[in-house]
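*Asks:* Residue numbers (our numbering), protein chains in the order written: chain R, 6 to 302; chain H, 6 to 302; chain A, 6 to 302; chain X, 6 to 302.
Treat the hints loosely; a few may be bogus.
If chains are identical, the list can't say which one is meant, so a pair holds when it fits in one copy or spans any two.
Simulated pairs of lysine-lysine, DSSO-like, Cα-Cα distance not exceeding 27 Å [said to hold, decoys possible]:
| hint | residue 1 | residue 2 |
| --- | --- | --- |
| 1 | LYS204 | LYS160 |
| 2 | LYS152 | LYS204 |
| 3 | LYS160 | LYS53 |
| 4 | LYS53 | LYS204 |
Keep in mind the hints are simulated off the structure, nothing from the lab.
Protein chains: 4
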Amino acid sequence: MDIAFIGLGNMGNPMARNLLRAGHALKVFDLAAAAVDALTELGARPAKSPAETARDAELVITMLPSSPHVRAVYTNPDGVLASVGRGVLLIDCSTIDPHTAHDLTDQAAARGNEMLDAPVSGGTGGAQAGTLTFMVGGAVHAFAQAKPILAAMGKNIVHCGGPGTGQAAKICNNMLLAISMIGTAEAMSLGANLGIDPKLLAGIINTSSGRCWSSDTYNPYPGIIESAPASRGYTGGFGADLMLKDLGLAVDAARTAGQTVALGALAQQLYQMMSSRGDGGKDFSGIINLIANRKIS
Amino acid sequence: MDIAFIGLGNMGNPMARNLLRAGHALKVFDLAAAAVDALTELGARPAKSPAETARDAELVITMLPSSPHVRAVYTNPDGVLASVGRGVLLIDCSTIDPHTAHDLTDQAAARGNEMLDAPVSGGTGGAQAGTLTFMVGGAVHAFAQAKPILAAMGKNIVHCGGPGTGQAAKICNNMLLAISMIGTAEAMSLGANLGIDPKLLAGIINTSSGRCWSSDTYNPYPGIIESAPASRGYTGGFGADLMLKDLGLAVDAARTAGQTVALGALAQQLYQMMSSRGDGGKDFSGIINLIANRKIS
Amino acid sequence: MDIAFIGLGNMGNPMARNLLRAGHALKVFDLAAAAVDALTELGARPAKSPAETARDAELVITMLPSSPHVRAVYTNPDGVLASVGRGVLLIDCSTIDPHTAHDLTDQAAARGNEMLDAPVSGGTGGAQAGTLTFMVGGAVHAFAQAKPILAAMGKNIVHCGGPGTGQAAKICNNMLLAISMIGTAEAMSLGANLGIDPKLLAGIINTSSGRCWSSDTYNPYPGIIESAPASRGYTGGFGADLMLKDLGLAVDAARTAGQTVALGALAQQLYQMMSSRGDGGKDFSGIINLIANRKIS
Amino acid sequence: MDIAFIGLGNMGNPMARNLLRAGHALKVFDLAAAAVDALTELGARPAKSPAETARDAELVITMLPSSPHVRAVYTNPDGVLASVGRGVLLIDCSTIDPHTAHDLTDQAAARGNEMLDAPVSGGTGGAQAGTLTFMVGGAVHAFAQAKPILAAMGKNIVHCGGPGTGQAAKICNNMLLAISMIGTAEAMSLGANLGIDPKLLAGIINTSSGRCWSSDTYNPYPGIIESAPASRGYTGGFGADLMLKDLGLAVDAARTAGQTVALGALAQQLYQMMSSRGDGGKDFSGIINLIANRKIS
Numbered sequence: 006m007d008i009a010f011i012g013l014g015n016m017g018n019p020m021a022r023n024l025l026r027a028g029h030a031l032k033v034f035d036l037a038a039a040a041v042d043a044l045t046e047l048g049a050r051p052a053k054s055p056a057e058t059a060r061d062a063e064l065v066i067t068m069l070p071s072s073p074h075v076r077a078v079y080t081n082p083d084g085v086l087a088s089v090g091r092g093v094l095l096i097d098c099s100t101i102d103p104h105t106a107h108d109l110t111d112q113a114a115a116r117g118n119e120m121l122d123a124p125v126s127g128g129t130g131g132a133q134a135g136t137l138t139f140m141v142g143g144a145v146h147a148f149a150q151a152k153p154i155l156a157a158m159g160k161n162i163v164h165c166g167g168p169g170t171g172q173a174a175k176i177c178n179n180m181l182l183a184i185s186m187i188g189t190a191e192a193m194s195l196g197a198n199l200g201i202d203p204k205l206l207a208g209i210i211n212t213s214s215g216r217c218w219s220s221d222t223y224n225p226y227p228g229i230i231e232s233a234p235a236s237r238g239y240t241g242g243f244g245a246d247l248m249l250k251d252l253g254l255a256v257d258a259a260r261t262a263g264q265t266v267a268l269g270a271l272a273q274q275l276y277q278m279m280s281s282r283g284d285g286g287k288d289f290s291g292i293i294n295l296i297a298n299r300k301i302s
Numbered sequence: 006m007d008i009a010f011i012g013l014g015n016m017g018n019p020m021a022r023n024l025l026r027a028g029h030a031l032k033v034f035d036l037a038a039a040a041v042d043a044l045t046e047l048g049a050r051p052a053k054s055p056a057e058t059a060r061d062a063e064l065v066i067t068m069l070p071s072s073p074h075v076r077a078v079y080t081n082p083d084g085v086l087a088s089v090g091r092g093v094l095l096i097d098c099s100t101i102d103p104h105t106a107h108d109l110t111d112q113a114a115a116r117g118n119e120m121l122d123a124p125v126s127g128g129t130g131g132a133q134a135g136t137l138t139f140m141v142g143g144a145v146h147a148f149a150q151a152k153p154i155l156a157a158m159g160k161n162i163v164h165c166g167g168p169g170t171g172q173a174a175k176i177c178n179n180m181l182l183a184i185s186m187i188g189t190a191e192a193m194s195l196g197a198n199l200g201i202d203p204k205l206l207a208g209i210i211n212t213s214s215g216r217c218w219s220s221d222t223y224n225p226y227p228g229i230i231e232s233a234p235a236s237r238g239y240t241g242g243f244g245a246d247l248m249l250k251d252l253g254l255a256v257d258a259a260r261t262a263g264q265t266v267a268l269g270a271l272a273q274q275l276y277q278m279m280s281s282r283g284d285g286g287k288d289f290s291g292i293i294n295l296i297a298n299r300k301i302s
Numbered sequence: 006m007d008i009a010f011i012g013l014g015n016m017g018n019p020m021a022r023n024l025l026r027a028g029h030a031l032k033v034f035d036l037a038a039a040a041v042d043a044l045t046e047l048g049a050r051p052a053k054s055p056a057e058t059a060r061d062a063e064l065v066i067t068m069l070p071s072s073p074h075v076r077a078v079y080t081n082p083d084g085v086l087a088s089v090g091r092g093v094l095l096i097d098c099s100t101i102d103p104h105t106a107h108d109l110t111d112q113a114a115a116r117g118n119e120m121l122d123a124p125v126s127g128g129t130g131g132a133q134a135g136t137l138t139f140m141v142g143g144a145v146h147a148f149a150q151a152k153p154i155l156a157a158m159g160k161n162i163v164h165c166g167g168p169g170t171g172q173a174a175k176i177c178n179n180m181l182l183a184i185s186m187i188g189t190a191e192a193m194s195l196g197a198n199l200g201i202d203p204k205l206l207a208g209i210i211n212t213s214s215g216r217c218w219s220s221d222t223y224n225p226y227p228g229i230i231e232s233a234p235a236s237r238g239y240t241g242g243f244g245a246d247l248m249l250k251d252l253g254l255a256v257d258a259a260r261t262a263g264q265t266v267a268l269g270a271l272a273q274q275l276y277q278m279m280s281s282r283g284d285g286g287k288d289f290s291g292i293i294n295l296i297a298n299r300k301i302s
Numbered sequence: 006m007d008i009a010f011i012g013l014g015n016m017g018n019p020m021a022r023n024l025l026r027a028g029h030a031l032k033v034f035d036l037a038a039a040a041v042d043a044l045t046e047l048g049a050r051p052a053k054s055p056a057e058t059a060r061d062a063e064l065v066i067t068m069l070p071s072s073p074h075v076r077a078v079y080t081n082p083d084g085v086l087a088s089v090g091r092g093v094l095l096i097d098c099s100t101i102d103p104h105t106a107h108d109l110t111d112q113a114a115a116r117g118n119e120m121l122d123a124p125v126s127g128g129t130g131g132a133q134a135g136t137l138t139f140m141v142g143g144a145v146h147a148f149a150q151a152k153p154i155l156a157a158m159g160k161n162i163v164h165c166g167g168p169g170t171g172q173a174a175k176i177c178n179n180m181l182l183a184i185s186m187i188g189t190a191e192a193m194s195l196g197a198n199l200g201i202d203p204k205l206l207a208g209i210i211n212t213s214s215g216r217c218w219s220s221d222t223y224n225p226y227p228g229i230i231e232s233a234p235a236s237r238g239y240t241g242g243f244g245a246d247l248m249l250k251d252l253g254l255a256v257d258a259a260r261t262a263g264q265t266v267a268l269g270a271l272a273q274q275l276y277q278m279m280s281s282r283g284d285g286g287k288d289f290s291g292i293i294n295l296i297a298n299r300k301i302s
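Bound-form chain R, shown alone:
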């Protein structure tokens, strides 16, 4: 299939590669010329603007950093909507606010195009391995059309409901993740201070009602789980600044929806504190060092 792919950063680059590998023809665009060159060498055709990328494409995929970028790429005078063919499906894989996702879907519909919001989880590792999870919002038949394409980039493709629900699912999950990560950090640190061996404590929690992904798979206390970032100085993994961005989207969406998210809002402030101290590039489990009564590692 002839696919326009816009946004070739840490996530977009390996995703586009996987589409090429699956036999699709790609026209690509990114503000960074080097990013375009890297894909061109692998067989993609370069374009000079979103509009030029989307012209004559059979499908459009975007993977961009934030809402304003996505809005600009679609609605600017040289944007996707200015040139894309009527009926062509648009898939935005960026993580943005549900409201913008909804709004762009409406603008696309007014032009005769269906649009899906399809944010991912799995990080750069999942993007490279083609094992991303896609949380997809939009019409059922558009989802059916997108699924085989997305399957070249991920292994778990979930339909979450109407427009915006892909974004909603992602930010709800990540808000809960941030909360349980901080909760795990507090519980592990407190237990260690009260004299329990951290490995023993993790074992008790993981067979009890405190069990969560942050305790049994990604424990923030060093030395509990060999493969977790906590055991390698909080490098790699999912950066605190990315979590901070997702928490901002969640708390903002809650505000619009009139929904109280007291722990979510406090989690956002704690990650802001971590970021302000210069640790935004570390894995988000490093929050344990913010609340520890001494540096844990």
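Since the structure of chain R is provided, determine the placement of chains H, A and X on it from the hints.
*Replies:* Only chains H, A and X this time, still in chain R's reference frame:
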């Protein structure tokens, strides 16, 4: 074995019954005469004070509501320590602060008695079925001596370390439980407000990084998990006021240890708010109604 | 002077009246025809769109509910910027986010117009009495030009710095106000529960380091200050939903600035809870009933 | 008058000196021999225990670090209650929890002694200058008897109600102080980040509804108020660890009273974080450096 059992409430009563059933001889005490009578009918011998209960016993077990009760039962002039034989093992199954547990262990040691803190999880259901989990703090050989007795009342008997660590393990786990329960309530409510079907959202979270016991086993949103209190009007289960008590112990222990527990402290305040509104007797997953932008059920 | 006045709600109506009273000629616009009629009867000329209102005006004043409204009124095809004469000063008195204020100032400058952000405090009472405070951001000479006009509507006209700083000053003050109001509510409620007479406690606080406007002028405990909303069932005053809006702007601006506002974010969530319970129309000091362990009044 | 004075630390030493200066006869005790010697050189008589100090005294005053110390000094076998004459008035100037204050008052009453809780504010500066504020709980006639003695050490002697209300007044005021200090720090930092001159912002707040003692008298932003600790590197003043202690008492008292103090609890956690970073000895306004997105000074 000849066991002194003090504290015959909702938890102590079925625990004592299970000891009788296992063939132990019991002398029992409770401030409520009716509670003593109920056990006497089953073959236990009644006593008039903690001191009288403990005299001549080969083992002492206590199950009381809070730290001041435990302190009084052991150290008052007519308390356990005034009469218990030298070398007799003392097991306190109450949930109290680790500091008091530690202190009583020291006082017992000064009199020639070893003491274990052995708080439980599993609720009244687990107490009746004899399937409680015991989190035990104290000396290794004292634990070895206690284990077969405790096995008559529970099926999971975990040694957590030195004196106080049983209490510490319990309050760390329960603090994390409270945090992830509120986090789950916020995520589920927000998702529902953003238009995702709650069952679908729970499914996504439970196969993703937000997964926790509160989402996959005890989801606070009604209709997700048939057996959860959320599906029967938040009745039964683990009362919010009991969670509030445990959070108080956790935050207090953190204060003494100089450990920050920001989410734990906020969770305590939210459960206080739930309790102040008259909902302290409902299951703790009912916290979802405090933060919902409308009554969920 | 010939003034275009757009936005004739609870605040805009009395502000426009005061300008008429001061001898200015007004052309007015509002989406609600009745609002326009009310001013027309007093001598203002009606217009059919922001563009028509601004055409030939010597000065433009806007007073609108939120950022999207302000953006639309200025930048829509039939908006102010489409028709206003080069060099005409634009004054936006709405409370909006500093970023939008900044952005519109830039767009106006590109068209040859200076713009001031000039949000007010003082409520509908101050608007009627002409005693509003104006917090003004923008160029010094534009401020000098605006000051005599604003003086017809307020008595305290403060220059806060460059574009956006008027908005910034307002949301910083109001965030602190929300925090100290909740803090006062907590302190007064706690003291009453601990057995101190609330009037006596207020007196102690007001001569000590806890003193604040919320304790000495607008105490949330009923019966302390006769003229405060707390003494008339939390009616009148500054609505909780308006405070919630301002907190949203503050927390959002903090997010953009990378600034931690932990208490501000929690205050926002508590006001959200108050609003979700149906009390958003009550005075913001009514937050005391959310945290009280019984209804205070 | 013949006064027993127990507790000669940073506060007790200058308070005792002022009593000597006013012509009273003092017998003194402290665990630190040097502290006793210092007062003996000024004419006080030394004692070897609380009991010995209180024997034959006409009045007893205590000034100790925390609840357990106070309890021990009064109720130990060699404590005040073991020797003090029937009818002698007891005044505890320590800051402790209201519950302990109440309890000791009851124990004293059982022995025929009246007791007042009389915590102070004003710091070591006020203790030296004799300008402390005393917040006094207890019977009216006991207060009347104490007032002239306390007047030798302070200038503001306030009766707050029955036993424990002196403690209650102090912790309520200080909890509100902590909250408004952090709120001021957040507002000032946010404003500075949004481009307002901090002095200008302080001026706006101080004439508006955000005004509080923390903004107009003790502003945490450096350079606003010459005499404030913020203008001398957060040295001197009221140490963060002392504020942390008072917040612990307030949140604990709220727990016992079933009162929600959400901002108070979060303030406690933020001061805990400041303390854990090694800044507990700095003035409590230094909290601004915890939340700033860069070191402010």
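*Asks:* Each hint needs a verdict: does it hold in this structure or not?
*Replies:* Now the hints, each set against the structure:
1. LYS204 with LYS160: Intra 33 Å, inter 21 Å, cutoff 27 Å: inter-copy only.
2. LYS152 with LYS204: between (42 Å within a copy, 21 Å between copies)
3. LYS160 with LYS53: neither (32 Å within a copy, 56 Å between copies)
4. LYS53 with LYS204: Intra 54 Å, inter 44 Å, cutoff 27 Å: neither.
In the structure shown, a violation is registered for the earlier hints numbered 3, 4, in ascending order.
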